[in-house]
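Required output: the full structure, derived from the provided sequences and hints.
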Amino acid sequence: MNPKEILNSKLKEVYPDIEFSLEVPKDKSHGDLSTNIALILSKSLKRNPLDIANEVKDKLEQFKLEFSNSISVVNPGFINFKFKDEIYFNVVKDILTLKDKYGSNNILKGKTVLIEHTSPNPNKEFHLGHLKNNVTGLSISYILEACGAKVFRDCIDNNRGIAIARLMYGYLAHAKKDNSLPTSLEYWFEHKDQWLTPTEANKSPGKFVDELYTKGSIDFKESKEVEEFVRKLVVDWENEDIKNLELWKLTQEWVWEGYRQSLGRVKGWKFDKIWHESDIYKKGKEHVQRGLELGIFKKLDDGAILTNLKEFKLADTILIKNDGTSLYITQDLELTSLKRKEFNPDEMYWVIGPEQSLAMKQMFAVCSQLGFGEYSDYHHIPYGFILVRDKEGNPTKMSSRSGNQHSVNDLIDKASEKIRGYITTDLTDKEREEVSEKLAVASIKYSLLKVNRIQDQIFDLNTSIALEGDSAVYILYSNTRILSLIQKSNIDVNLIDNTNLKYVNDIELELIKYLSQFPDTLINSYTTYSPNDITNFIFNLSQSFNKYYNEVNILKEEDKLLKDSRILLLKAINIVFENSFKLLGIESVGRM
RNA sequence: GUGCCCGUAGCUCAAUGGAUAGAGCAACUGCCUUCUAAGCAGUAGGUUACACGUUCGAAUCGUGUCGGGCAUACCA
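Using our numbering, read the first sequence as starting at 1 and increasing by one per residue.
Misleading hints may appear alongside valid ones.
[Stated by the list, open to error] List of simulated lysine to any residue pairs, SDA-like, C-alpha gap at most 25 Å:
1) Lys282 x Lys298
2) Lys513 x Ile71
3) Lys430 x Leu327
4) Lys4 x Asp94
5) Lys59 x Phe78
6) Lys176 x Phe152
7) Lys64 x Phe83
8) Lys513 x Leu65
9) Lys430 x Gly590
10) Lys283 x Ala304
11) Lys298 x Ser368
12) Lys582 x Asp470
13) Lys203 x Gly264
14) Lys488 x Glu431
15) Lys84 x Ser70
16) Lys221 x Ile318
17) Lys547 x Gln455
18) Lys547 x Asp506
19) Lys397 x Asn532
20) Lys221 x Leu327
21) Lys243 x Gly264
Worth flagging that the hints you see were computed from the coordinates, not collected in a lab.
So this is what it looks like as structure tokens:
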């Protein structure tokens, strides 16, 4: 047990049933740990908290806690503990022993969780919104895993419905080699070679699809005829019209090629299962039909089927349209049922934007009405919007129509180009390319992860690919400095005897104490589902390390024990960095 | 209208109800013959939108006001 656990159990022993806090004070001069137990007790005892604090102090001192240097009572009634420095030396040993397990815990041991993330609106080129979902979802999944859970990751390919039909229409109308050709499914079916492929258009599949989808959507909005055309495509698709299906397959192939390329580039292609809406929507309809027969839902005069969510105090929603076709929620019912069957999870998470909040609640409610688990098993994890500044400088939502939707590929290209120019280390062209690509991806991911999950964020290209300050580059740079030091020391960290360690410098002691807080940081990020606890941690760690680096010359240290101990500390910091990067889904670099 | 989220330094963001609200950027001043200056040290910048309340203690909790965003049945 570490000092915190010991103190916690002692306090609980003496004062059972009291909810108190035991935490590392922000101000280091207040000691290593602080408790408010006397302030809490003063409420029920109606006595001066300082008196109570002194009594608590006396009781604790009777335990003769060997790790404690001093216990002090301060206004208004805090009890502060100061520990012997040597206690912390064990932290370095622990980290070196546990390696990639350092920080992990077992609070979710035995639990199976399923987390849906990055379910694409795949008709668009992979953009920042997609990436925000991907990095947030993956990071939370890694955090759950580090807390001991068995984690499965899945996504649903929304490959049917009105949006897909708008793309199909967009292709027929805007990808013709000759504009005089008719916008006709039948004509296309007989003359497919008269329509462009992405290769022929000299565009990436993602961009190709994105442009056609956007054009198709504009036409859909502006023309009644187009709208009818598109809606008919949806109906015909559900009726399994051969020509319709062939066009659908063709466009969906490009969609996925683009999506797979982009996700591959950011190393975000991490799914245990990819579901396809086209495979399950029919079963979804059957669930609705069953619910209708059971009297859970009702049929409206025009034929549409409506929920009844009074017991959940939620607004009702349509489950099947009046033309008989399904909606997103229709297939989501079957999907949720399938998820339960396949993975038998204790908890299910959906990492999806906040605008879907009501839709998610409605879906959870309907699932529980249909007997697919409890409403409380389901968790929507929303995250803040990404805004950009418009010409007037006002924050505005990204949208493809306003052209301010950053394609992730373009962003990485820009960042990578900027970074390449800064590399001064002696690297081959190939290594240089790899390093700038990794740093570019890491920078953009970091900029999305460093804000509190629920907080809207204003995205700025320059700060997101910043090379200094609170950025991935700064943190990764700190890590390469460590790697460089270890390498130049010519010491094999695995061979150093760590039975005796020596640390004397204030900053190195602070660093060690800070490292000891990593496990608690992970727990915090789990309880809030917020990866930014981790980014905050490694940024602060980087600052402390760089301060240390500037103040202490490690390689020139002549005291062998001190020098070896410091190299081991460096290794420990490196391990915590790497563990954090894994939790964030960020790749590190060896040199830069 | 109703529901949900948000409002912190010029800008972008931190801060399990806890002690003097912190960083980064931008601005200004210093530090490379010294382990990677993509770095470090320093100056300046605040009525935490506003009001009232709960509490020993409020940016944080409650109520209200103002401002912004999202959702609000046949998009997702």
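How the hints compare with the structure:
{"no.": "1", "hint": "Lys282 x Lys298", "verdict": "19 Å, holds"}
{"no.": "2", "hint": "Lys513 x Ile71", "verdict": "18 Å, holds"}
{"no.": "3", "hint": "Lys430 x Leu327", "verdict": "48 Å, violated"}
{"no.": "4", "hint": "Lys4 x Asp94", "verdict": "15 Å, holds"}
{"no.": "5", "hint": "Lys59 x Phe78", "verdict": "15 Å, holds"}
{"no.": "6", "hint": "Lys176 x Phe152", "verdict": "42 Å, violated"}
{"no.": "7", "hint": "Lys64 x Phe83", "verdict": "13 Å, holds"}
{"no.": "8", "hint": "Lys513 x Leu65", "verdict": "19 Å, holds"}
{"no.": "9", "hint": "Lys430 x Gly590", "verdict": "14 Å, holds"}
{"no.": "10", "hint": "Lys283 x Ala304", "verdict": "17 Å, holds"}
{"no.": "11", "hint": "Lys298 x Ser368", "verdict": "17 Å, holds"}
{"no.": "12", "hint": "Lys582 x Asp470", "verdict": "18 Å, holds"}
{"no.": "13", "hint": "Lys203 x Gly264", "verdict": "18 Å, holds"}
{"no.": "14", "hint": "Lys488 x Glu431", "verdict": "20 Å, holds"}
{"no.": "15", "hint": "Lys84 x Ser70", "verdict": "9 Å, holds"}
{"no.": "16", "hint": "Lys221 x Ile318", "verdict": "22 Å, holds"}
{"no.": "17", "hint": "Lys547 x Gln455", "verdict": "30 Å, violated"}
{"no.": "18", "hint": "Lys547 x Asp506", "verdict": "11 Å, holds"}
{"no.": "19", "hint": "Lys397 x Asn532", "verdict": "22 Å, holds"}
{"no.": "20", "hint": "Lys221 x Leu327", "verdict": "19 Å, holds"}
{"no.": "21", "hint": "Lys243 x Gly264", "verdict": "32 Å, violated"}
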